[in-house]
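Residues per chain are reported as follows:
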Amino acid sequence: MKVNFKTLGMCFAAAALLAACSEPPEIAAKAAKRPDVAPYMGANNGFMTKNWTPGNQASWTESIDKRNQGQNEYSRVK
Amino acid sequence: MARMKFICDTERCIECNGCVTACKNDNEVPWGVNRRRVVTVNDGIIGQEKSVSVACMHCSDAPCMAVCPVDCFYRTDEGVVLHDKDICIGCGYCSFACPFGAPQFLSKGAFGSRSKMDKCTFCSGGPEENGSVAEFEKYGRNRLAEGKLPLCAEMCSTKALIGGDSDIISGIFNNRVATREKNGKYPGSKAFGWNTAYGGPDAPAPTPTPAAKIPGAQ
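Chains R and A are the protein sequences, given in the same order.
When we follow my numbering, the leftmost residue of the first sequence carries the number 1, and every step to the right adds one.
When we follow my numbering, the leftmost residue of the second sequence carries the number 1, and every step to the right adds one.
Pulled out of the complex, with its shape left as it was, chain A reads as follows:
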């Protein structure tokens, strides 16, 4: 059985935010909720500025599931972590537990009242009839049931974000890493893994480049 995952290749992500836009548009995510977002680090440091597209990582041992007081989460056979909005009470525990900031809440009332939790569903809906209006309104599109993959990954222009069966996408990424190594980038890294995906195992700490050394900089 497939185990669905996302990988974001920081060597390719150009911070176009196309994935964010695709997700919001396709799932009609309300204003104020971002199921996916692009995070950029080392802003302005030449050669060290990296962007990564982040959403729910559909963890194998998900902390949100562990802390939920009403047990509204479940994991599908494809390894996608989903939740039932009819059970969720909007307490926010999952938000504190998640290391990626995936659970989102819509602030919609006075005194800081919040909506029920909303998060990336790997475009696989929720516990409503597949492809129904009720499912779309609560959870967004169910592209997996339509025989498709998440739109954020499928429309990524640089193919930095890839999503699907973990064995296949890790194979795709492994091939890229091997090709980069062959062409002289990160020589000796050999292994495929998260360290390789996010900057190399022995990537040096970034050193700011003085403005005087940047051509054309003020």
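Bound conformation, chain R alone:
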């Protein structure tokens, strides 16, 4: 059987050129940032301090501010 090298070459070239056409799309799902819950909403565990009300921003801020002053020796020793 006589092999037609020209036809064979064209088949290979066509296969190589069309190879990319069969690839599935590789587009990842768009990652979206999730909203974070504010700290004044409280933590759902047993380690919360007792002197503020979860969900009440003003009481959380007051409690944190008071705790902040715990780092101040000048106010602690007076």
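Treat the hints as calculated values from the structure; they're not laboratory data.
In this text, all values refer to a predicted model and were calculated from it rather than measured experimentally.
We put the beta carbon where it would ideally sit given N, CA and C, even for glycine.
Incorrect hints may appear among the rest.
Quick list of the computed label-pair ranges, beta carbon to beta carbon [what the hints assert, rightly or not]:
(1) A:P69 to R:D65: 14 to 24 Å
(2) A:P69 to R:F12: 15 to 25 Å
(3) A:V67 to R:K6: 49 to 59 Å
(4) R:D65 to A:T40: 30 to 40 Å
(5) R:E62 to A:E129: 22 to 32 Å
(6) R:N51 to A:S157: 16 to 26 Å
On the provided structure of chain R, position chain A as indicated by the hints.
Using the frame of chain R, we list chain A on its own:
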């Protein structure tokens, strides 16, 4: 609204590394990652050796946020810079952008492969349910939601590292600076600011002390 910040008083830091240990222990930070570390300069120069505890400074204009290609960072209403590990791809751009070396990566595989970025969260977790196991495993403790402040600052034995609402902690530090000035240290410095916090505005360049002049030195 509070704007959370850290200040480290170099006049008080004694390089005990208690803050580093507290952070690693409380957040169960893996071996090879240091969210906080103590840097010492002018080693061995009498009177000029200073240590400073460094972690994420929760910048107001954070360069890590600016360079992140997948936009995984966000800033909370309290001014804390956090990131979503489900979005992070571990590229390391934030690490190059950060002037404090805060972003950390766990080298855990062959060919230098890295984990997703890990950094100080100001003990305020991440975008998972507050105080949940998922949040703890990804980001560590959420002490702010428990009504507490970061453990590194709260347990600092000399109170060199203070953290919390910037207005309050700068007030605490300002009081210290004023007291020092009154007692003769850095006279004339007057102003409170980063220059005052880190060695005084006109601090002279350190001069090494020859060993011969140090009592008992070999």
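Hint-by-hint comparison with the structure:
A C-beta distance of roughly 38 Å is found between P69 of chain A and D65 of chain R, which places it outside the suggested range of 14 to 24 Å. A hinted range of 15 to 25 Å for the beta carbons of P69 of chain A and F12 of chain R is inconsistent with their spacing of about 39 Å. Against the hinted window of 49 to 59 Å, the Cβ-Cβ separation of V67 of chain A and K6 of chain R comes to about 54 Å, which satisfies the hint. As the Cβ distance of D65 of chain R to T40 of chain A is approximately 33 Å, the hint placing it in 30 to 40 Å holds.
Judged by the Cβ atoms, the range 22 to 32 Å given for E62 of chain R and E129 of chain A holds: they are separated by roughly 24 Å. Checked against the given bound of 16 to 26 Å, the beta carbons of N51 of chain R and S157 of chain A, roughly 25 Å apart, stay inside it.
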